[in-house]
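So you can see what is in the structure, the chains are spelled out below.
2 protein chains.
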Amino acid sequence: MKSKSVTVFAPATVANVATGFDILGFAIDAIGDKITASVTNETGVTIEIAGTDAPISIDPTKNTAGAPVLKLLVAKNLKNGVHLKIQKGIPLGSGMGGSAASAVGGIVAAAKVLKVKLSQEELLQYALEGEAIASGAKHSDNVAPCLYGGLTLTKPGDQPDVIRLPFPKNIFCTVVHPAMELKTSVARQVLSREITLQQHTQQTARLAALVAGMCDSNSEWIKRGLEDVLFEPQRASLIPGFAAVKAAALKAGALGSSISGAGPSVFAFSKNKATAEKVRRAMIKAFTEAGMHSQGWVSAICKTGAVAK
Amino acid sequence: MKSKSVTVFAPATVANVATGFDILGFAIDAIGDKITASVTNETGVTIEIAGTDAPISIDPTKNTAGAPVLKLLVAKNLKNGVHLKIQKGIPLGSGMGGSAASAVGGIVAAAKVLKVKLSQEELLQYALEGEAIASGAKHSDNVAPCLYGGLTLTKPGDQPDVIRLPFPKNIFCTVVHPAMELKTSVARQVLSREITLQQHTQQTARLAALVAGMCDSNSEWIKRGLEDVLFEPQRASLIPGFAAVKAAALKAGALGSSISGAGPSVFAFSKNKATAEKVRRAMIKAFTEAGMHSQGWVSAICKTGAVAK
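Residue numbers (this note's numbering), protein chains in the order written: chain A, 1 to 309; chain L, 1 to 309.
Errors might be hidden in some of the hints.
Given that identical chains are not distinguished, each listed pair holds provided it fits within a single copy or across any two copies.
[Said to hold, decoys possible] Here are the simulated EDC-like cross-link-like pairs (lysine to aspartate or glutamate), alpha carbons at most 20 Å apart as the crow flies:
#1 K223 <-> D161
#2 K88 <-> E220
#3 K112 <-> E181
#4 K271 <-> D158
#5 K112 <-> E277
#6 K303 <-> D216
#7 K138 <-> D29
#8 K251 <-> E122
#9 K4 <-> E277
#10 K79 <-> E42
#11 K138 <-> E227
#12 K79 <-> E121
#13 K79 <-> D158
#14 K138 <-> D161
#15 K88 <-> E122
#16 K223 <-> D53
#17 K169 <-> D216
#18 K115 <-> E220
#19 K85 <-> E220
#20 K88 <-> E181
No lab work stands behind these hints, which were simulated from the structure alone. In this text, all values refer to a predicted model and were calculated from it rather than measured experimentally.
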């Protein structure tokens with residue numbers, strides 16, 4: 001008898017989005033994790049990792065995909081268990097929402113294969129349990145866009161109250177990942193805990209332009225909104241070549257460019273696919289000149305979020 | 001011979017708009033200053049004040065309407081002078097953009113009567129000279145909406161780069177002014193100069209919702225965006241009865257309510273005119289119960305900004 005299984009593609013996500021620190025994130029089509037959940041006869045979660053040599057725990061209590069599924073089994077008092085095959089497509093510590101993708105993909109696949117109906121809000125809460133294992137807190141800025149798709153706005157904390165923001169059709173994203181790992185915890189440590197009133201108002205003036213530009217498909221406003229005057233300057237030195245890579249993206253025609261999530265990946269927005277491709281090549285070249293190997297993707301925004309294939 | 005004159009209605013404005021501290025502002029139809037500019041034969045600016053007993057300087061170098069006009073005469077090397085009649089409709093120190101209205105109305109009327117063509121950006125820069133006399137700095141969050149109309153987004157500083165944001169048709173504003181004066185300088189002094197990272201992200205999550213709600217006509221998002229978790233708590237105690245007035249507005253059906261500019265006026269948004277009127281009565285009643293006389297207005301958003309009547 002063929003055992004039941006469901007495979008979910010969970011997209012990579014770009015959080016922060018320049019001025020939207022800890023609140024904005026969007027999903028991209030080009031890259032993601034694939035999670036296959038199969039029903040097993042013994043209760044509990046077993047895990048199998050593929051696509052990476054990185055040391056990822058297969059202990060479900062310590063695995064970002066496993067923990068949410070384990071919690072689901074307990075919460076619903078299910079007799080069966082789940083086997084998760086996690087095919088990592090997103091490089092670890094890349095700032096592209098890899099842990100969020102595994103957490104979201106795991107719970108979406110498991111709920112589907114177990115025929116447990118969960119609302120998007122419930123799925124989000126389960127996935128946040130997994131994200132907390134990876135980053136130490138229930139950050140929703142990668143989990144929300146991975147689950148809902150598109151561009152999402154969330155409140156920091158336990159109740160993110162996801163808003164799915166409009167997103168201009170023609171905008172394409174470039175993401176380039178230099179061959180290094182940067183832990184979110186390290187990237188957070190460099191941030192000053194205090195912000196001046198002036199920094200706050202200068203940053204919010206740009207954030208408001210970004211949001212308005214997204215809602216109103218106004219690329220000039222988006223351009224202004226991608227000027228992160230607060231966090232990017234504090235983190236830029238963690239990424240070798242960042243200034244040159246950003247400059248290369250702008251010179252190649254990008255509307256703007258900033259750090260993807262906590263880095264080290266760098267993203268850019270462009271007005272069309274051809275420009276986004278030109279931007280990708282320019283960014284990779286700049287990383288190479290800074291002595292860093294890198295890999296890059298051009299992608300439309302992923303509208304659907306994590307879905308069963 | 002009848003001397004040439006131009007009269008301009010310069011609308012009151014609500015700056016900050018809850019979470020849009022120092023960057024958002026909108027103009028209202030219901031109340032404003034009227035400035036009449038007449039050409040005189042002798043160069044220089046003379047000033048006449050009406051509609052208020054408040055001690056407003058008629059020295060053009062110290063008057064918010066006079067200073068920009070004086071600067072224009074010098075910049076354009078004009079032989080004629082200008083007489084300004086300032087009919088104050090906006091109470092002084094009310095947090096409804098009175099100084100911005102006089103500054104904008106003065107320069108718009110003077111430029112028109114003198115037949116000097118100025119772009120909106122140039123008019124804004126002249127008006128900011130006047131605003132600087134009143135508040136000590138070139139704050140554009142009242143000047144911009146007074147000049148451009150509607151809801152504006154500006155960058156703090158000398159180059160505001162005004163963005164005119166979309167605004168939902170059906171939203172009506174209530175503004176209630178308690179019979180007291182609150183100097184902007186005092187209201188700024190109570191603000192902490194440092195903001196924590198957490199306060200910044202919590203506030204920006206709401207600001208982004210406000211902007212998205214305005215652009216997308218989504219009243220639920222606007223509702224969230226009107227929760228100022230950062231500045232309002234620091235300023236609320238400067239306005240006797242504020243908590244009760246805000247609670248009354250919400251109970252009467254307002255989407256949200258916060259301090260207008262630096263206060264002491266309080267504004268609220270409602271989904272329609274009838275609710276905004278109900279909200280107005282509830283707010284005035286709450287001020288009365290707190291021992292404060294007050295006056296209130298219900299208004300659509302003023303789309304045009306300062307224009308010659």
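Evaluated hints:
Taking identical chains as interchangeable, the C-alpha atoms of K223 and D161 lie at most 20 Å apart only when they sit on different chains, with a minimum of 13 Å there against 27 Å within one chain. In the homo-oligomer, the alpha carbons of K88 and E220 never lie at most 20 Å apart, since the shortest distance is 36 Å inside one protomer and 38 Å across protomers. With identical chains, the CA atoms of K112 and E181 are never at most 20 Å apart, being 33 Å at best within one copy and 62 Å at best between copies. When the C-alpha separation of K271 and D158 is checked against a cutoff of 20 Å, the pair qualifies neither within a copy, at 35 Å, nor between copies, at 29 Å.
Taking the closest pair of Cα atoms, K112 and E277 never come within 20 Å of each other, the shortest separation being 36 Å inside a single copy and 50 Å across copies. For the identical chains of this complex, K303 and D216 are neighbours both inside a copy (18 Å) and across copies (18 Å), given an alpha-carbon limit of 20 Å. Proximity of K138 to D29 under the C-alpha cut-off of 20 Å is found in neither arrangement, the shortest distances being 24 Å within a copy and 45 Å between copies. Taking the shortest alpha-carbon separations for K251 and E122, neither the intra-copy value of 43 Å nor the inter-copy value of 31 Å comes in at or below 20 Å.
Taking the shortest alpha-carbon separations for K4 and E277, neither the intra-copy value of 40 Å nor the inter-copy value of 60 Å comes in at or below 20 Å. Within a single copy, K79 and E42 get their C-alpha atoms as close as 7 Å, which meets the 20 Å cut-off; across copies the closest is 95 Å, which misses it. With identical chains, the CA atoms of K138 and E227 are never at most 20 Å apart, being 27 Å at best within one copy and 22 Å at best between copies. Proximity of K79 and E121 under a CA criterion of 20 Å is satisfied in neither setting, with 24 Å inside one chain copy and 69 Å between copies.
In this assembly of identical chains, the alpha carbons of K79 and D158 never lie at most 20 Å apart, being 29 Å within a copy and 66 Å across copies at closest. When the C-alpha separation of K138 and D161 is checked against a cutoff of 20 Å, the pair qualifies only within one copy, where the shortest distance is 13 Å, while the shortest distance between copies is 37 Å. Taking the shortest Cα distances, K88 and E122 never come within 20 Å of each other, neither inside one copy (24 Å) nor across copies (56 Å). Taking the closest pair of Cα atoms, K223 and D53 never come within 20 Å of each other, the shortest separation being 38 Å inside a single copy and 47 Å across copies.
In this homomeric assembly, K169 and D216 come within 20 Å of each other (Cα to Cα) both inside a single copy, at 11 Å, and across copies, at 16 Å. For a Cα distance limit of 20 Å, the shortest separation of K115 from E220 qualifies neither inside one copy, at 46 Å, nor across copies, at 32 Å. Proximity of K85 to E220 under the C-alpha cut-off of 20 Å is found in neither arrangement, the shortest distances being 44 Å within a copy and 40 Å between copies. Taking identical chains as interchangeable, the C-alpha atoms of K88 and E181 lie at most 20 Å apart only when both belong to the same chain, with a minimum of 15 Å there against 62 Å between chains.
When held up to the earlier numbered hints, the structure conflicts with 2, 3, 4, 5, 7, 8, 9, 11, 12, 13, 15, 16, 18 and 19 and fits the remainder.
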